[in-house]
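A.B. asks: Below, each chain spelled out in residue letters.
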Amino acid sequence: MKKLLKSELFKAFILSIVIFAVLMIGTATSFINSYWQGVLILCGINIILAVSLNLAAGYLGQLTLGHAGFMSVGAYTSALISIYLNLPFIVSLLIGAVAAGIIGLVIGIPVLRLKGDYLCIITLAFNEIIRVIMNNLEITNGAKGLIGIPMNTNLVYVFIAMIITIFVVYSIVKSRHGRAIISIREDETASELSGIDVGYYKVFAFAVSAIFAGLAGGLYAHYYTVILPKGFDFNKSVEILVMVVLGGMGNLKGSIIAAIVLTVIPELLISFSQYRMLLYAIVLIAAMILKGTGKGEQIMERLSFFKKKDEVKPE
Amino acid sequence: MINFINQVINGLSTGSMYALVAIGYTMVYGIAKMINFAHGDIIMAGAYFALIAMGIVGPIPAILFSIVATAALGVLTEKVAYKPLRGKGSLEVLITAIGVSYLLENAFLLIFGSAARTFPQIMPKGTINLGGISIKYITIITLVVTAVCTAILLFFINKTKLGKAMRAVSEDQGAAQLMGINVDTTVSLTFAIGSGLGAIAGVIYGCAYSLITPYIGLMLGIKAFIAAVLGGIGSVPGAMVGGLMLGVAESLTIAYISSDFSDAVVFGILILVLLVKPAGLFGKNVREKV
Amino acid sequence: MSTPLLKTEGLGIQFGGLKAVDEFNFEINKNQLFGLIGPNGAGKTTVFNLLTGVYQPTSGRILFEGQPIKKANTIKITKAGIARTFQNIRLFKEMSVIDNVKVGLHYSHPYTVFDALFHTPKYKKAEAAMQEEALSLLRVFHLEEFAESKAKNLPYGKQRKLEIARALATAPKLLLLDEPAAGMNPAETAELMETIKIVREKFSVAILLIEHDMKLVMGICEKIAVLNFGTVLAFGTPEEIRNNPDVVAAYLGNEEEG
Chain S
0 MKKLLKSELF KAFILSIVIF AVLMIGTATS FINSYWQGVL ILCGINIILA VSLNLAAGYL
60 GQLTLGHAGF MSVGAYTSAL ISIYLNLPFI VSLLIGAVAA GIIGLVIGIP VLRLKGDYLC
120 IITLAFNEII RVIMNNLEIT NGAKGLIGIP MNTNLVYVFI AMIITIFVVY SIVKSRHGRA
180 IISIREDETA SELSGIDVGY YKVFAFAVSA IFAGLAGGLY AHYYTVILPK GFDFNKSVEI
240 LVMVVLGGMG NLKGSIIAAI VLTVIPELLI SFSQYRMLLY AIVLIAAMIL KGTGKGEQIM
300 ERLSFFKKKD EVKPE
Chain W
0 MINFINQVIN GLSTGSMYAL VAIGYTMVYG IAKMINFAHG DIIMAGAYFA LIAMGIVGPI
60 PAILFSIVAT AALGVLTEKV AYKPLRGKGS LEVLITAIGV SYLLENAFLL IFGSAARTFP
120 QIMPKGTINL GGISIKYITI ITLVVTAVCT AILLFFINKT KLGKAMRAVS EDQGAAQLMG
180 INVDTTVSLT FAIGSGLGAI AGVIYGCAYS LITPYIGLML GIKAFIAAVL GGIGSVPGAM
240 VGGLMLGVAE SLTIAYISSD FSDAVVFGIL ILVLLVKPAG LFGKNVREKV
Chain P
0 MSTPLLKTEG LGIQFGGLKA VDEFNFEINK NQLFGLIGPN GAGKTTVFNL LTGVYQPTSG
60 RILFEGQPIK KANTIKITKA GIARTFQNIR LFKEMSVIDN VKVGLHYSHP YTVFDALFHT
120 PKYKKAEAAM QEEALSLLRV FHLEEFAESK AKNLPYGKQR KLEIARALAT APKLLLLDEP
180 AAGMNPAETA ELMETIKIVR EKFSVAILLI EHDMKLVMGI CEKIAVLNFG TVLAFGTPEE
240 IRNNPDVVAA YLGNEEEG
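Top to bottom, those sequences are chains S, W and P.
With the first letter of the first sequence counted as 1, position 43 gets the number 42 in numbering that gives the first Met the number 0; the numbers rise by one all the way through.
With the first letter of the second sequence counted as 1, position 150 gets the number 149 in numbering that gives the first Met the number 0; the numbers rise by one all the way through.
With the first letter of the third sequence counted as 1, position 132 gets the number 131 in numbering that gives the first Met the number 0; the numbers rise by one all the way through.
Next up, chain S with everything else stripped away, as it sits in the complex (with noise of 0.2 Å):
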């Protein structure tokens, strides 16, 4: 069992430096143009916010309309910090990310109480909120929006911070913590008399999502260089969340994978824009019925790559 641990993650590990090598050896030879660049970064945000996310709403199985409420914390903090305090780079990163955890706790606390229907309408409103203040406070520049942030972000930062968002939340989802917050999404009244102490857990998963995409809204900022109120609002999060459900609550490589195919198809459709919010509206209903209906998972069968652990057929 250990054994194949330990290959699971050394996998990991080479299947990483693999891609970072071909990385930096692209970039260095622009092999990789400076668009293309830009591409591979936004993928690399986007992941992390997507598996940061599912962490919330896959794993927990809570069901947020907020996280890019929390990508603005963390955007406009380390924003800000950079503009004004003039701290390395690495550092307003980590507070903008801490920011955005910090709000989550206060925003979780009193909301994770409510269930289901109740819990995604009121996400939505706390991200409105947050919407509205930073489209009304004197320092983040309103709607006008936020500009002169150096642009700090590149690829290696990028790919680091996936790289440790990935590595963090499967070792929580792996742990007995993860087992707890999986239980919770899975039978909360019978989790919580196994001993489960599922106010504590709730709140946890929801921070540790929320810290996370303070980090990918951090990344986003240095790199756009401009953020807007508008660009964090309920839109985006349900963007975020396509990608998550795509990919397969509580499926980390999934997410991977819906993240990236969900931010380069629209860069290959450009020239269909007009058409490109229809279509993503039609795939997405499509794919919600075929999940729903169970067809998806024939489908899904197909494709080994999404397949789980095989199961023993009952009896």
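Derived by calculation from the structure, the hints in this document are not laboratory data.
Mixed in with the good hints there might be a few duds.
[To be verified] Derived coverage of chain S by chain P (criterion: at least 3 residues anywhere in the stretch with Cβ under 8 Å from a Cβ of chain P; other residues may be distant): (1) 157-171; (2) 191-199.
[Unchecked claim] Pairs of lysine to any residue residues, derived as SDA-like cross-links and limited to a Cα-Cα distance of at most 20 Å, are as follows: (3) W:K276 <-> S:P109; (4) S:K173 <-> P:E132; (5) W:K78 <-> S:V282.
[To be verified] Some but not every residue of chain P turned toward chain S, in silico, with C-beta under 7 Å: (6) K78; (7) G80; (8) D98; (9) V112; (10) T119.
Note that beta-carbon positions come from the ideal geometry of N, C-alpha and C, so glycine has one too.
Use these hints to put chains W and P onto chain S, whose structure you have.
C.D. replies: Frame of chain S; chains W and P shown alone:
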């Protein structure tokens, strides 16, 4: 003081629009146990249907056409997107609803473009004066229309056989089915009514704000949803009251604080309600059976 | 006379005007196997809910190991040593069989998130220990070959066993079984009776079970409490209960169950 009363009346007017939309939301939630995120966009569709129709026929037939067309659209979305997921996890349904919302927005965007269209001014202009308080005709008509619609709806739900069927399905779908009630038809009917009311709300919106875009549904839908939750989701009278209260709160905030914060206040109300009394004003607290 | 493991004094709960449980006086000691029976709606599951902190009593109190359970908190109660299973089996369906049990072992081998992140020796030891303990629990119930399967794929009878295994993983002193034989055929019920007896032997745990299956109750319980309209009608050995005219009347002859 006069200004205050004026603002309250304005608020009631906006509020009745919210109420009409909230009623649709709450009905669908009660019967299909889902939050139809796309409901706001149905209202938007209603406004556009009326807009095109008024280019061809007079206002009354245009409104009737819009009601029918919007009801049909609502039923269509239910049959295609929601029915396959009936009874499955609410997460999937919610996301599908979001998908339908996007679909409608972007479809209308493609057809009509993002530029705002002017809605024909079919309401009589002018105001009446009651002891220093001036009330616009539009306001009165809106309030009356909403009151009449709600009254008819409540009568329908409480006194007719179909209405009873709807209530039965909302209480216990399985039992209703065993009693011979056709759940599919009942659900479709609910969507039809909710959407039809939405069309009226869309027309009111057009008259009140005179410009419509494919994006009006989003905010309207969210606010109406907040109104429904405030009144107690699943309760039609609750939705009405919630809508009116929300409209007044919004109106007063815009008048006395700032329009920027009106959205925040509205959301703040939602948060307050959910944290203090999630069941809303008229709702019931349902305990999970262990 | 030593302190009873669990004792209720005048325990009651009122919902609106309805007294679901009223003047419920009950005692159970270490290693005893008692049954709680009664017609439908008598309040049996409500009693369980009171004992596990799902409901707060409106009257009376519960003493566990001599300590009153005040403003009972489900998590604290579980940690104090009361575990339960449910009428409609509540497993963590998408989790593996062994993970279900490991959830029960959550607090037995604690480690922090940082241990998990850095794969410290503490983490590895704890995980290995949990793996071993979970497997040995599964072995008691002959479930070890299904360890990696998803809980939802187990047949019904095995799911019930898994639920009991998970409850036992929390190392309880008192195990509450809510209609464990519900939905089982005679063969499965017989197997369940054996399982409960094994649990009795291998784990020093007091067991209180709710059941409608008289064969099971009469077959393994040392003493039986009969609940009717939320209050104890009779309490005694299976023999005594079987011959109690009040009990017979309460059940209106629906005594012998297949």
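A.B. asks: Sort out whether S:V282 lies within 20 Å of W:K78, counting only the CA atoms.
C.D. replies: Between W:K78 and S:V282 the Cα gap is close to 17 Å, so the pair holds against 20 Å.
A.B. asks: Mind taking a look at whether chain P covers the stretch 191-199 of chain S? Criterion is 3 or more residues with CB to CB distance under 8 Å.
C.D. replies: Coverage by chain P holds here, the residue count being 7 at a Cβ distance below 8 Å.
A.B. asks: With chain S as the partner, please determine if P:T119 meets the hint condition of a C-beta pair closer than 7 Å.
C.D. replies: Violated. Min distance 11 Å.
A.B. asks: Given the hinted pair W:K276 and S:P109, is their alpha-carbon gap at most 20 Å?
C.D. replies: Cα-Cα ~13 Å, so holds.
A.B. asks: Under the criterion of a CB-CB separation shorter than 7 Å, is P:G80 in contact with chain S as hinted?
C.D. replies: violated (10 Å)
A.B. asks: Minimum Cβ distance from P:K78 to chain S below 7 Å?
C.D. replies: holds (6 Å)
A.B. asks: Please work out if S:K173 and P:E132 have their alpha carbons no farther apart than 20 Å.
C.D. replies: holds (18 Å)
A.B. asks: For the hint on P:V112, just tell me whether its beta-carbon gets within less than 7 Å of chain S.
C.D. replies: Constraint on P:V112 satisfied, holds at 6 Å.
A.B. asks: Classify the hint on P:D98 as holds or violated, based on whether any CB of chain S lies nearer than 7 Å to its CB.
C.D. replies: holds (6 Å)
A.B. asks: If you look at each residue in the stretch 157-171 of chain S, do at least three have a Cβ nearer than 8 Å to any Cβ of chain P?
C.D. replies: The restraint on the stretch 157-171 of chain S holds, since 4 of its residues have a Cβ under 8 Å from chain P and three suffice.
Hint compliance for this structure: hints 7 and 10 are broken, all remaining hints hold.
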